[in-house]
Structure formats: structure tokens, C-alpha cells
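Sequences are here, hints too, so could you generate the full structure?
So the sequences go chain by chain: B and L.
Taking my numbering, the leading residue of the first sequence gets 1, the next gets one more, and so forth.
Taking my numbering, the leading residue of the second sequence gets 197, the next gets one more, and so forth.
In case anyone wonders, no lab produced these hints; they're calculated from the structure.
Glycine residues also receive a C-beta, built at the ideal position from the N, C-alpha and C atoms.
Watch out, some of these pointers could steer you wrong.
[Claimed, not checked] Restraint-style ranges between C-beta atoms, simulated for each label pair:
| id | chain 1 | residue 1 | chain 2 | residue 2 | range |
| --- | --- | --- | --- | --- | --- |
| 1 | L | LYS200 | B | GLU12 | 52 to 60 Å |
| 2 | L | LYS579 | B | ASN179 | 54 to 62 Å |
| 3 | B | LYS9 | L | ASP269 | 31 to 39 Å |
| 4 | L | ILE329 | B | ASN179 | 52 to 60 Å |
| 5 | L | GLY593 | B | GLU37 | 35 to 43 Å |
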Amino acid sequence: MSENYNKHKIYERNGKTYAFSDASLQRIKEIIGRYPEAKQKSALIPVLHIAQEEFGGSLNADIMDYIAGLLNVKPIEVYEVATFYTQFYLDKVGKFVIEICQTGPCLSCGGDDMIDYLKEKLGIDVGETTADGLFTFKTVECLGACGYAPVMQVNTCFHQNLTKESIDNIIDLLRTQANEPKSNDDKWVEKFCLKK
Amino acid sequence: MGRKILLEKINISGIESFDIYRKSGGYSAVEKALKTMTPVDVVEEVKKSGLRGRGGAGFPTGMKWGFIDRKSDKPHYLICNADESEPGTFKDRYLMEHLPHLLIEGMICSAFALEAHTAYIYIRGEFKYLIGILNNALSEAYANGFLGKNILGTTFSLDIYVHPGAGAYICGEETALIESLEGKRGNPRLKPPFPAFVGLFGCPTVVNNVETLAAISPILNMGGDFYSKLGNGKSTGTKLISACGNINKPGVYEIEMGITVEDFIYSEEYCGGIKGGKKLKAVIPGGSSVPVLPADLILKTAAGQPRLMTYESLAEGGFETGTMLGSGGFIVYDEDQCMVRNTLSFARFYHHESCGQCSPCREGTGWQERLLTRIENGEGRLKDIDLLADISKHIEGNTICPLGDAAAWPVSSAIRHFRKEFEFHIQFPEIVKNIRHGNIDKYL
Numbered sequence: 001m002s003e004n005y006n007k008h009k010i011y012e013r014n015g016k017t018y019a020f021s022d023a024s025l026q027r028i029k030e031i032i033g034r035y036p037e038a039k040q041k042s043a044l045i046p047v048l049h050i051a052q053e054e055f056g057g058s059l060n061a062d063i064m065d066y067i068a069g070l071l072n073v074k075p076i077e078v079y080e081v082a083t084f085y086t087q088f089y090l091d092k093v094g095k096f097v098i099e100i101c102q103t104g105p106c107l108s109c110g111g112d113d114m115i116d117y118l119k120e121k122l123g124i125d126v127g128e129t130t131a132d133g134l135f136t137f138k139t140v141e142c143l144g145a146c147g148y149a150p151v152m153q154v155n156t157c158f159h160q161n162l163t164k165e166s167i168d169n170i171i172d173l174l175r176t177q178a179n180e181p182k183s184n185d186d187k188w189v190e191k192f193c194l195k196k
Numbered sequence: 197m198g199r200k201i202l203l204e205k206i207n208i209s210g211i212e213s214f215d216i217y218r219k220s221g222g223y224s225a226v227e228k229a230l231k232t233m234t235p236v237d238v239v240e241e242v243k244k245s246g247l248r249g250r251g252g253a254g255f256p257t258g259m260k261w262g263f264i265d266r267k268s269d270k271p272h273y274l275i276c277n278a279d280e281s282e283p284g285t286f287k288d289r290y291l292m293e294h295l296p297h298l299l300i301e302g303m304i305c306s307a308f309a310l311e312a313h314t315a316y317i318y319i320r321g322e323f324k325y326l327i328g329i330l331n332n333a334l335s336e337a338y339a340n341g342f343l344g345k346n347i348l349g350t351t352f353s354l355d356i357y358v359h360p361g362a363g364a365y366i367c368g369e370e371t372a373l374i375e376s377l378e379g380k381r382g383n384p385r386l387k388p389p390f391p392a393f394v395g396l397f398g399c400p401t402v403v404n405n406v407e408t409l410a411a412i413s414p415i416l417n418m419g420g421d422f423y424s425k426l427g428n429g430k431s432t433g434t435k436l437i438s439a440c441g442n443i444n445k446p447g448v449y450e451i452e453m454g455i456t457v458e459d460f461i462y463s464e465e466y467c468g469g470i471k472g473g474k475k476l477k478a479v480i481p482g483g484s485s486v487p488v489l490p491a492d493l494i495l496k497t498a499a500g501q502p503r504l505m506t507y508e509s510l511a512e513g514g515f516e517t518g519t520m521l522g523s524g525g526f527i528v529y530d531e532d533q534c535m536v537r538n539t540l541s542f543a544r545f546y547h548h549e550s551c552g553q554c555s556p557c558r559e560g561t562g563w564q565e566r567l568l569t570r571i572e573n574g575e576g577r578l579k580d581i582d583l584l585a586d587i588s589k590h591i592e593g594n595t596i597c598p599l600g601d602a603a604a605w606p607v608s609s610a611i612r613h614f615r616k617e618f619e620f621h622i623q624f625p626e627i628v629k630n631i632r633h634g635n636i637d638k639y640l
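See below:
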């Protein structure tokens, strides 16, 4: 395992290079250790999450091949997982991915008005990214927060009991962060989760 | 005030930390189990309690544990199912956010009962903030000797890891969850073999819901016999209900099973009545997959008895006039909600979440969504209603896992109880267009 792991620490093909940071490689090693010997494939979903965070918010075939090498599985085993789960993006996304719930309980509390308002506010349709590359807007199925409907997530941050005013505040705040580096640390989450 | 067992300590400030949880009596069940009981004793105690799985199916937990293959020479695994994704359900998230140690304590006792030395918490990927909370709580438990090697100086060792999913409702089904934990697509397995014999990595495995595991320490503390006397008949103990929709006080409530549905909806202690003083139209009491019931049938059974919040009472009348307690995701609709639009949203949900393995579900959920979209957009035909009912009949019971049933029931029950609304959408599309959220009762 570790021999394979060292061999595949860096990925180079057709002039493209991908390499996890040392901190991420350490995390990946620790995650692989949670599963029995030779069952490192179990680490696939956690590792895809880390890759997506580190390599610009979405996955591509090169990144998936890189992970296949690291975990010693066939590339197809990575592709079939990455295409199955909604949280993995195979198309480029903006810096902030806004995902609003469109399932029954949210709709009954005005969720569709919030969807319409976001379309108008961002000037894009569902599934599109703003021209400045800042926002991608998606509708998703139940986020498991129905008592606080309507609900949306911005990059894993929950925003609940949405109103037009709270959406204005969230978007304005995110716009001020256009040039700041995106980070996944807890402080970042604290700063942007207006309401948890 | 109703009796609180799971949420008894929720108002103690700082209860999410190990120290406060321990000071208020936490982890005493671990001491009791590891020092004074055998694994089989713990299973027997849970059997006595009558505890039923809180994820939705309501299968007796003690019996599920009893199936674990103790003769196997392979390691045993315990998995906590925290993939809470059933629309209307948000109780596990609440438990994990506020009482992470109650879950961990329950998992230690359960793993001891099952002779498992590794346990995983499979949590839906969207709950990223909860992963941090759980990992903090786990480190505290390790630091205080309740996890790791030789817990409390006994021979019992246990490691617990948090494993994130990545957005797939189907992974709440236990065999799909196991596939996903092995790093694969969440395609459910055929049963048998059951996970108790062939589960994670081919080893004996038990998968339990968060709320089920959280109930284990209180049961060991108070004794299974005592717990079994709470509640009503075979619905023993307390249940978390996550209430949402058009009510004054949405939120998570712990109820002793046996209170009336009417009390739950209208009393100030719980939902506090319908928002804006409107009339109650319908309720889905157990997460989106259980049948929807109109106001009269949710408050009283067809026989005229008050409907109670128990597995049995909610199911009374079968699917003709009854429904199910399910996961306790209690969705309330007021008079202005459109049942066609609502049913369409659930049909879209199940179409999106079908894993695609079985044709009746993969194709049927798509047809349901397309037909309902057509009706909602005013392009439906009257015969589409029977076609829809026919499609759901062909999905139900014909798939490897229960997602097929879960996709069929919301549609068939909505047609059964709100047929007139579907017909109205087809006959008067112009009127419907102008009352998008509308109450069509005045036109009927």
C-alpha cells in the first residue's frame, strides 16, 4: 500500500500536474487507516471530497485517475462513484455553489418563491454559473432541515428560514469575498454561516 | 409536559461537551454494561424494552441484534446510519448537533453487545458541520478512556470513525449504505444474506439509526422492563418527531407514544396549531414515503376513534384509510397547499434518488414525474390519473429495496384521497395557473 501511495503522490499527464498538499496526503493516509488492510477503496468518497475542495471545486478525469492510482483501484471504479453521488461536480463550478432545496416541505413554506428570487437576483437560470465565475446556482433534493424551511446551502454552509432579505444579505456578504482565498477551515464556515 | 428520555438533558448548557455530559450522569450506561453485564445480557435488555428501529421500518432492535452471527470468526461491525435524507425528517441531525455524546455512549454499549470492535457513523455529506461536532466529541471520548483500547480497564476495545456520504438518499437503505461505505455506488443488495451474516466487507454487521442507538443508554439505565411500560402497547418508549410544514412551531419534539395526533398538531407544547389560523388539509406523518392522509382521516380513524401517535394507530385501516409512523417526519399542509404540486415534488425526488438498478423503479419513477409534470402544467388527460395509479402499482413490491415502495405510496395515496384535485387540474388548467399556490376547494 505505502509503496503504491508514494509512487502516486504526484500525477502528471499531457502537461497537467496534480498533487495533493502534504497536509491532505497526511489526512488521506489517516483516512485509509480507518479501514481494514486491503480495503482502502472505502476511503474513496472521503478522498473525492478532499480532492474537490483542493482542486478548484470540481472533479475531472485527470483528478479521478490520480485518485485511482493513490488508492490502487481501477479508474472506472472512481468514475462510477463520482458520477453516482450528487455532491461531486464533474463540470466547472463557481467559487460559491448555491444549492436550494426544491422538495415538498420547503415548497410548502415558500421555497419556490426563493428559487425565483435567486434566479432574478443572480441573473442566471438553475444549473448556470454567473459570468464572473462567482456563483453557481443549483436546485437540490431534501437537505434534511425541513423544520427551518426554506433552506439552502452555500458550499456546505446551511442557510435557513430564507427570506428575500436574508438572501440579499447572504449574496452581498459573499460578493465582498470575491477576491479572498476560498478556505474550508472552521473559521471560514463560522464567518459565512449567518444562521446555522 | 410529556416524559423526556432522549432530550431529558437538552437544556443543560454545554451538554455537547464531554465534561458536562459526564457530570450530569452521562456514560454511566457504559460502566454498567462493560462492568456488570455480558454482551448477551445487553441484547436481552434491549429485547425486553421493545425498542423498535427509529429509522422508519420499526423493526424490533433486540431481534435484529439477536441475528448477529456470533459463531463467525470474522470481525463484527456496528454502523450508525446518520444518512438522514427522508423528506420531512431532521431529528437525527438535531440529536447529533446537541447530544453527540448520547449517540457515542449508545454506540459503545451497542458495539459491546454485538462484540464489534470497529464502528462507523455513516453521515450524509451535506451535514459537514456535524462531522466536526462528532469528531470533537469522539476525541473527548478517546481522551477520557471511553474509546480506544481496553475501555475502563476491561478487555473491550472500540474505535469509532465518521464516514461521510456524498448526496444519495438511497444510502439510507442499509445494504446501499454498506456498499457506499465500501467505496462503491449505493446500489442495494439482495437479501438474504442479511447484513447480520454478510455485511460490511463480508462480515457480520448491524446497521442502526442514530435515534435507535441514542435510546440504548437510557434503556440500560432504567432497565428494559421499565422502558417497555412507557408508550402504548407495542409502540414502547418515546419517539422523536420532526414537525414541519404549515405549523406555528416547527421543530423536533420528543413524545411518549400514545398521545393523540390532534394533541400533537394543536397543543402549545408541540406544533401549536396551523400557521395563520388556516384549516388543516393533510398530513404526511412519517416522512415523504408514507401515505398522505386528509385532515379527517389523520385526526380520526375510519372507525371514528381518535388517531394516536403510535405505529399501530397510524397504520389502522391499512393503506385504504391509514398510513405509517415511519421515521417521524411529520409534514403538515394547510388548506392552501396544492396536492398535485406537492406530489410532483416527491415524484421528482424519488426519480432523482432511484439508484437505477431495478427497471420498475428506474423507469416507473420517471413516468410518475413526467405524468405529474404534465398534469401540473395543465396538459394532462383524465386517463393519466388511472395510468399514474397503475404505474405506482407496478413499482410497489417489484424492486430489490423499499425505495420502489417509497416512490409509489405518495403518488397512489394522493390519488386515493385527493382525486378531485387531480381532475380539477386537468379540466380547468386556466384557473389553476392563476392560483399557483391555490386553494381550489372553493371551485369544487
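Enumerate the violated hints, using their earlier numbering and listing them in ascending order. Those not satisfied come down to hint 4.
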